[in-house]
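Using the sequences plus the hints, can you model the full thing?
Each chain is listed here by its residues.
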Amino acid sequence: MTTYIIRRLFQLIPVLFGVTLLVFLLMHLTPGNPAQLIAGETASQSTIERIEVSMGLDDPLPVQYVNFVTDVAQLDFGYSYRNNTPVFDEIKPRFWVTMELAIYSTILSIFIGLIAGIVSAVRQYSVRDVTIMIIALFGMSMPNFWLGLMLMNWFSIQLGWFPPTGWGSVEQIVLPVITLGTAGAAVIARMTRSSMLDVISQDYIRTARAKGVHEQIVIYRHALKNALIPVVTVVGLQFGTLLAGTVLTETVFSINGLGRLVIDSIMARDFPVVQACILIISVIFVVVNLIVDISYTLLNKRIDMD
Amino acid sequence: MSTNESILEVTDLRTSFFTEGGEVKAVDGVTFDVPAGKTLGIVGESGSGKSITAMSILQLISHPGKIKGGEIKFRGKNLLDLTEKEMRKIRGNQISMIFQEPMTSLNPTYTVGQQIRESYKIHQGLGKKEGSKRAIEMLKLVGIPSPEKRLDQYPFELSGGMRQRVMIAMALACKPDLLIADEPTTALDVTIQAQILELIKELQDELGMSVVMITHDLGVVAETCDYVAVMYCGKVVEYADVRTLFKNPRHPYTVGLLKSLPRSDRDQEELTPIKGTVPSPDEMPVGCRFAPRCPFATDLCHEKLPSLDDVGDGEQIRCWIYTDEWNGDPGVKVYEPERTTES
Numbered sequence: 000m001t002t003y004i005i006r007r008l009f010q011l012i013p014v015l016f017g018v019t020l021l022v023f024l025l026m027h028l029t030p031g032n033p034a035q036l037i038a039g040e041t042a043s044q045s046t047i048e049r050i051e052v053s054m055g056l057d058d059p060l061p062v063q064y065v066n067f068v069t070d071v072a073q074l075d076f077g078y079s080y081r082n083n084t085p086v087f088d089e090i091k092p093r094f095w096v097t098m099e100l101a102i103y104s105t106i107l108s109i110f111i112g113l114i115a116g117i118v119s120a121v122r123q124y125s126v127r128d129v130t131i132m133i134i135a136l137f138g139m140s141m142p143n144f145w146l147g148l149m150l151m152n153w154f155s156i157q158l159g160w161f162p163p164t165g166w167g168s169v170e171q172i173v174l175p176v177i178t179l180g181t182a183g184a185a186v187i188a189r190m191t192r193s194s195m196l197d198v199i200s201q202d203y204i205r206t207a208r209a210k211g212v213h214e215q216i217v218i219y220r221h222a223l224k225n226a227l228i229p230v231v232t233v234v235g236l237q238f239g240t241l242l243a244g245t246v247l248t249e250t251v252f253s254i255n256g257l258g259r260l261v262i263d264s265i266m267a268r269d270f271p272v273v274q275a276c277i278l279i280i281s282v283i284f285v286v287v288n289l290i291v292d293i294s295y296t297l298l299n300k301r302i303d304m305d
Numbered sequence: 000m001s002t003n004e005s006i007l008e009v010t011d012l013r014t015s016f017f018t019e020g021g022e023v024k025a026v027d028g029v030t031f032d033v034p035a036g037k038t039l040g041i042v043g044e045s046g047s048g049k050s051i052t053a054m055s056i057l058q059l060i061s062h063p064g065k066i067k068g069g070e071i072k073f074r075g076k077n078l079l080d081l082t083e084k085e086m087r088k089i090r091g092n093q094i095s096m097i098f099q100e101p102m103t104s105l106n107p108t109y110t111v112g113q114q115i116r117e118s119y120k121i122h123q124g125l126g127k128k129e130g131s132k133r134a135i136e137m138l139k140l141v142g143i144p145s146p147e148k149r150l151d152q153y154p155f156e157l158s159g160g161m162r163q164r165v166m167i168a169m170a171l172a173c174k175p176d177l178l179i180a181d182e183p184t185t186a187l188d189v190t191i192q193a194q195i196l197e198l199i200k201e202l203q204d205e206l207g208m209s210v211v212m213i214t215h216d217l218g219v220v221a222e223t224c225d226y227v228a229v230m231y232c233g234k235v236v237e238y239a240d241v242r243t244l245f246k247n248p249r250h251p252y253t254v255g256l257l258k259s260l261p262r263s264d265r266d267q268e269e270l271t272p273i274k275g276t277v278p279s280p281d282e283m284p285v286g287c288r289f290a291p292r293c294p295f296a297t298d299l300c301h302e303k304l305p306s307l308d309d310v311g312d313g314e315q316i317r318c319w320i321y322t323d324e325w326n327g328d329p330g331v332k333v334y335e336p337e338r339t340t341e342s
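As given, the protein sequences belong to chains A and B, one line each in that order.
Okay, so the first sequence: first residue is 0 according to numbering that gives the first Met the number 0, each after it adds one.
Okay, so the second sequence: first residue is 0 according to numbering that gives the first Met the number 0, each after it adds one.
Derived from the structure by calculation, the hints contain no laboratory data.
Where hints are given, some of them may not hold.
Taking lysine to aspartate or glutamate and the EDC-like style, the derived pairs with C-alpha atoms no more than 16 angstroms apart in a straight line are [what the hints assert, rightly or not]: (1) 88(B) - 214(A); (2) 300(A) - 151(B); (3) 91(A) - 75(A); (4) 174(B) - 201(B); (5) 246(B) - 314(B); (6) 300(A) - 156(B); (7) 84(B) - 214(A); (8) 65(B) - 11(B); (9) 174(B) - 204(B); (10) 258(B) - 216(B); (11) 224(A) - 197(A); (12) 76(B) - 176(B).
In structure tokens, the structure reads:
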């Protein structure tokens, strides 16, 4: 188990190298000169050059990359072009907002997805099953900004149950979490259903029934533990989609999170902030998938041995 | 134990599967007895309904299958009258079952110990400590070396033969009165097959239980069974004690099965396979199900289904040849014993 985790941690190194390289190149390949941006439209050529030198923008690209990685390793993401404040300070409070939003939404989607999937699988092709799967199809297909706007229209504006914007209080959390969690819940429900259907027809389920095990225990102990393996994979992958979804959800509900910061920074060509945000989101995604891989070994002991 | 007493009496059992193509009668009026302490073999080709019969006894038939009627009397009580809750108390406790595929019949995510202990927990309310003690005893009984170590192992760490032993240990954990073994050796190597059959026999003597042995292998029947029910297309065609069946088989299908079995004690020129194939459910013959493949079939056989009748000595046959209505050759010889090799 421990060796497995250590090995998985080592495998992160090339992934992180790729991520930093991509983020770095992305910013350098996009048109527009940061020095020009800082200095303003009317600045003279010499001013721009001075700024370039002071920021190291005149160094060869590989040198700039090494500097970038060294700084990032020390959580130094440079200064925001817009506010001239350390990027790290800018990101920190917003990072937690986005993490909260992502984690609550994931919990919601796992909870609803699992229950809906199991209930569907237990009675395949029943009215209940078909209804749940149709709802899931809607949930998957609906763009989340549109769902957000509709929820806001019904529950905030017409019924007045929840505030339409902001983040912090319980009332403010409800609508964004539903908006962001719905697609995930739908995907998890469908995955759980097909995985459960596959497991329920296995020989060892028949063995459990032949032993006199109560049907509920057959489903929730014998079947579910086996059925969860592919579901866990989907939860991990879904987390990536979810992080992307925070951008739209935060914009719709005017939440000051990482996603909205990315959009605002791109608009303002605030490169250090954009770089830092993309980097952090990528690292979160990689770490979540590491956790997913590790949790496999808890579900299926065989993986540990390979 | 008296041999006259039956532990299980199945009468006119009917189990169907309701598919889009219509009703498939997998088990169509099956009747047989299992004498207490004895072994009954149920023999037949794939699709003859033998496994479905076994699953029906424990009511493990799931959607779209349904037990349509009949009676399954276990110790004089009709199991089909019991509620699901009462049935759960029978499964794994008084009637146990082992399956064909030891590789997939154990849950891959739980240890051997957890799976055996579960039986003790359900039926005897035993905790982890006492359950483990009993599980070790059972593993020892089925001949698994260092049972204490096996308890914490997962099924994938064991070989096929070992897994089948674990299955047997699990099935016999609560000392059942009846063990249903559904092709328990089909998926195993020949050497392991003999060991497993020997083990089942030994444990049967030790625990005094009855066994229903489902197989397509007449060799297994000869080795382990006291009585045999031969099934064809969801019906029993011949029921006899094992000696009679091998010495004097009467139903043309049984004879066909015996002729297609290689034997070392007979002077066989070549094997004679049964011609044709098992009819598919949607073109089931109206008369005797075996008529299209039977070398003796007459118009009567093709038109009317014979009933399962006593022919004396506790033997039952479903064939027109042994009835008064038989209109074919009156001196027909269904089975002529081949010369025994002189040695």
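Results of checking the hints against the structure:
Between residue 88(B) and residue 214(A), the direct Cα distance comes to roughly 13 angstroms. Compliance with the 16 angstroms bound is thereby established for this hinted pair. Restraint check: the Cα-Cα separation between residue 300(A) and residue 151(B) comes to about 12 angstroms, which is no more than 16 angstroms; the hinted pair holds. For the suggested pair residue 91(A) and residue 75(A), the alpha carbons sit about 12 angstroms apart, so the restraint of at most 16 angstroms is met. Taken as a hint, the residue 174(B) and residue 201(B) pair is honoured in the structure, with Cα atoms around 14 angstroms apart against an allowance of 16 angstroms.
The hinted pair formed by residue 246(B) and residue 314(B) meets the criterion: a straight-line CA distance of about 13 angstroms does not exceed 16 angstroms. With a C-alpha separation of about 10 angstroms, the suggested pair residue 300(A) and residue 156(B) falls inside the 16 angstroms cut-off, and the hint holds. Proximity of residue 84(B) to residue 214(A) is assessed by CA-CA distance (about 10 angstroms); at most 16 angstroms being required, the pair is judged to hold. For the given pair, residue 65(B) sits about 14 angstroms from residue 11(B) by alpha-carbon distance, which is consistent with the 16 angstroms threshold.
A threshold of 16 angstroms between alpha carbons decides the hint, and for residue 174(B) with residue 204(B) the separation of about 12 angstroms falls inside it, so the pair holds. Annotation: proposed proximity of residue 258(B) to residue 216(B) holds, straight-line Cα distance about 13 angstroms (limit 16 angstroms). With a C-alpha separation of about 13 angstroms, the suggested pair residue 224(A) and residue 197(A) falls inside the 16 angstroms cut-off, and the hint holds. Between the alpha carbons of residue 76(B) and residue 176(B) the distance comes to roughly 14 angstroms, so the proposed pair stays at or under 16 angstroms and holds.
No hint from the list above goes unmet by this structure.
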